[in-house]
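All chains should be built: construct the whole structure from the sequences, respecting the hints.
Residue numbers (the working numbering): 133 to 389.
No wet-lab data here; the hints were simulated from the structure. Glycine is no exception: its CB is placed at the ideal position from the N, C-alpha and C atoms. Check each hint, because a few of them may be wrong.
[Stated by the list, open to error] Taking lysine to aspartate or glutamate and the EDC-like style, the derived pairs with C-alpha atoms no more than 20 angstroms apart in a straight line are: (1) Lys382 / Asp226; (2) Lys382 / Glu235; (3) Lys383 / Glu298; (4) Lys148 / Glu227; (5) Lys220 / Asp301; (6) Lys383 / Asp226; (7) Lys220 / Glu235; (8) Lys383 / Glu227; (9) Lys220 / Glu298; (10) Lys382 / Asp301; (11) Lys148 / Asp226; (12) Lys383 / Glu235; (13) Lys382 / Glu227.
[What the hints assert, rightly or not] The calculated label-pair distances, taken between Cβ atoms and stated as ranges, are: (14) Pro232 / His270: 43 to 51 angstroms; (15) Pro163 / Ser136: 32 to 40 angstroms; (16) Glu227 / Ser368: 29 to 37 angstroms; (17) Gln332 / Thr312: 17 to 25 angstroms.
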Amino acid sequence: MDSSRILIAYYTIVRKDVVRMLRLWKQTFLPSVTTTTLYFLVFGTFIGSQLTAIHGFSYIQFIVPGLVMMSIITNAYSNTSTALFMAKFQRNLDEMLVSPTPEWVIVLGYVTAGIVRGLIIGILVLLTSLFFTHLLVHNILVLFSALILTCVLFSLAGFLNAMFAESFDSIAIVPTFILTPLTYLGGVFYSIEQFPHVWQSVSLLNPILYMVNAFRYGFLGISDVNIGMAFVVLISLTILLLGMILWLFKKGAGLKR
133 MDSSRILIAY YTIVRKDVVR MLRLWKQTFL PSVTTTTLYF LVFGTFIGSQ
183 LTAIHGFSYI QFIVPGLVMM SIITNAYSNT STALFMAKFQ RNLDEMLVSP
233 TPEWVIVLGY VTAGIVRGLI IGILVLLTSL FFTHLLVHNI LVLFSALILT
283 CVLFSLAGFL NAMFAESFDS IAIVPTFILT PLTYLGGVFY SIEQFPHVWQ
333 SVSLLNPILY MVNAFRYGFL GISDVNIGMA FVVLISLTIL LLGMILWLFK
383 KGAGLKR
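Quick look at the structure:
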């Protein structure tokens with residue numbers, strides 16, 4: 133398959149999913165913006181105004197990067213998992229698998245669409261936050277790198293989930309019982325420096341902590357973890373998931389419903 137055909141195949145996969153999310157914007161974009169607005173209002177304005185500053189920033193300034201990242205994680209994950217499962221359910225994936233399209237192009241197409249949704253949601257939530265507080269950008273390179281790597285990582289995670297999902301309920305299990313707890317315990321609403329030493333050590337086992345803090349560092353210049361280590365965790369997990377998916381693809385595991 134030559135490069136022009138590969139590009140057409142890639143563009144087709146991405147375009148199909150992006151058109152779907154734009155057409156269903158009331159389901160794909162509006163819920164996240166509404167939910168996060170409530171977080172800003174309740175935790176940031178009502179409760180946050182009664183709390184002391186964290187690392188020299190007001191509570192709402194502190195939680196905004198975490199809430200933006202939480203929305204990005206959820207949407208990048210759900211977009212890829214839903215899109216791939218629907219492709220399996222409707223037998224569209226079978227058509228792609230029997231075509232000469234390389235496996236990595238299929239994976240890249242779905243992951244790119246997940247990145248697009250994650251970026252759109254991140255921008256919308258960030259713009260919404262400006263009605264409640266103001267933010268400074270400390271390091272645009274760190275901010276953008278953390279944003280893109282997180283979108284890629286959770287798009288891949290959603291892809292892996294959908295490969296083995298046998299029903300729509302199977303897709304919801306991981307976000308409900310794994311992703312949501314890890315996100316809430318990932319430093320979105322607090323600094324782990326407020327914890328006893330033993331719980332700080334336990335928190336360091338949560339990979340989402342590194343993503344939230346890398347993104348927060350890009351905005352505010354503060355972090356509970358070493359930024360270099362945060363990117364090591366992000367890149368390592370991304371490579372691990374990508375390798376697993378490509379290996380499973382070659383084996384044909386989890387691709388048929």
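Right, here's what the structure says about each hint:
1. Lys382 / Asp226: Roughly 14 angstroms between the alpha carbons, so the hint for Lys382 and Asp226 holds.
2. Lys382 / Glu235: Given that 20 angstroms is the threshold and the Cα spacing comes to 8 angstroms, the pair holds.
3. Lys383 / Glu298: Holds. Lys383 to Glu298 sits at ~18 angstroms (cutoff 20 angstroms).
4. Lys148 / Glu227: holds, 15 angstroms
5. Lys220 / Asp301: holds, 15 angstroms
6. Lys383 / Asp226: holds, 15 angstroms
7. Lys220 / Glu235: Holds: Lys220 and Glu235 sit about 15 angstroms apart, inside 20 angstroms.
8. Lys383 / Glu227: Holds, at roughly 17 angstroms.
9. Lys220 / Glu298: holds, 9 angstroms
10. Lys382 / Asp301: violated, 26 angstroms
11. Lys148 / Asp226: holds, 16 angstroms
12. Lys383 / Glu235: Holds, at about 11 angstroms.
13. Lys382 / Glu227: Since the Cα atoms of Lys382 and Glu227 sit roughly 16 angstroms apart, the hinted pair holds (cutoff 20 angstroms).
14. Pro232 / His270: 43 to 51 angstroms: holds, 47 angstroms
15. Pro163 / Ser136: 32 to 40 angstroms: holds, 39 angstroms
16. Glu227 / Ser368: 29 to 37 angstroms: For Ser368 against Glu227, whose Cβ atoms are near 34 angstroms apart, the range 29 to 37 angstroms holds.
17. Gln332 / Thr312: 17 to 25 angstroms: Since the Cβ atoms of Gln332 and Thr312 sit about 22 angstroms apart, the hinted range of 17 to 25 angstroms holds.
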